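In terms of the numbering used here, the sequence shown opens at residue 6 and continues consecutively.
Hints in this document: simulated from the structure, not taken from any laboratory. The model shown is predicted, which means the values in this text are computed figures rather than measured ones. Take the hints with a grain of salt, since some may be wrong.
Here are the simulated lysine to aspartate or glutamate pairs, DMTMM-like style, with alpha carbons at most 25 Å apart [to be verified]:
| # | residue 1 | residue 2 |
| --- | --- | --- |
| 1 | Lys-163 | Asp-193 |
| 2 | Lys-165 | Asp-193 |
| 3 | Lys-165 | Glu-183 |
| 4 | Lys-111 | Glu-173 |
| 5 | Lys-104 | Glu-183 |
| 6 | Lys-52 | Glu-107 |
| 7 | Lys-205 | Glu-183 |
| 8 | Lys-105 | Asp-164 |
| 9 | Lys-165 | Glu-204 |
Listed next, with one range per pair, are the computed distances between beta-carbon atoms [what the hints assert, rightly or not]:
| # | residue 1 | residue 2 | range |
| --- | --- | --- | --- |
| 10 | Trp-102 | Lys-65 | 53 to 59 Å |
| 11 | Pro-25 | Gln-49 | 19 to 25 Å |
| 12 | His-196 | Thr-80 | 50 to 56 Å |
| 13 | Tyr-122 | Ala-181 | 16 to 22 Å |
Virtual Cβ for every residue (Gly too), placed ideally from N, Cα, C.
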Amino acid sequence: MIKVNLLPSEYRTMEGTPLPVFLLGLVAIVVLALGLIAVVWMSQQVKTITGELQDLENVKIMLDLKLIEMTGLSTKLADKRNQRETILSIRKNRILWAKKLERLAKLTPAGTIWWQYVEMRQHDPAPTLRDGGSLTVSCYQKGTQTETLMNFRLDILKDKVFWPGFKEISPPEMKAVEWPGAGPEEKDTLHYKLVFYLEKPLFTPPIKSQP
């Protein structure tokens, strides 16, 4: 086959592109393409990471709100528990005192000794205090016989229901008084106070728990 070059003479001769220049250009194109791909990929990754961080921040906010809510519920629950324990302690305290007073009333000689008033005080023991409180009973006694009072005190000290929890009785300060409206045989009357000291409170109120 015969090929005929019909181009003008000045265009018939074409110099080829040197191989190193070609390869360098090819590498530059490849690097540029890879760079663009990397930029696009990094941009997508940044968007993805940004979205994940935002989601994590939203989750953190929700967890913080739940924590605040749970803390509030825990505090309310602790308050309710403390209220219940306080109510139970007061009820138990009253029951214990009621049993003591009921027993003391049975030990009191009927028709001979009667109470004027009863006073109860209770506190937590402390180094500066000698007891956990006291029970004071102000009494009137028919007649002036001291044996009546002594026997009353002995019955109290020996009683296994009333005396446990107490540690001592104060010496009575007896005073002869005239009972208004009393007959001749009841004209002489003694007045004295019996103070019973507690070893410790009959019942210690619960300590408030921390949420």
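Could you work out which of the previously given hints the structure breaks and list their numbers from low to high? 1, 2, 3, 5, 6, 7 and 11
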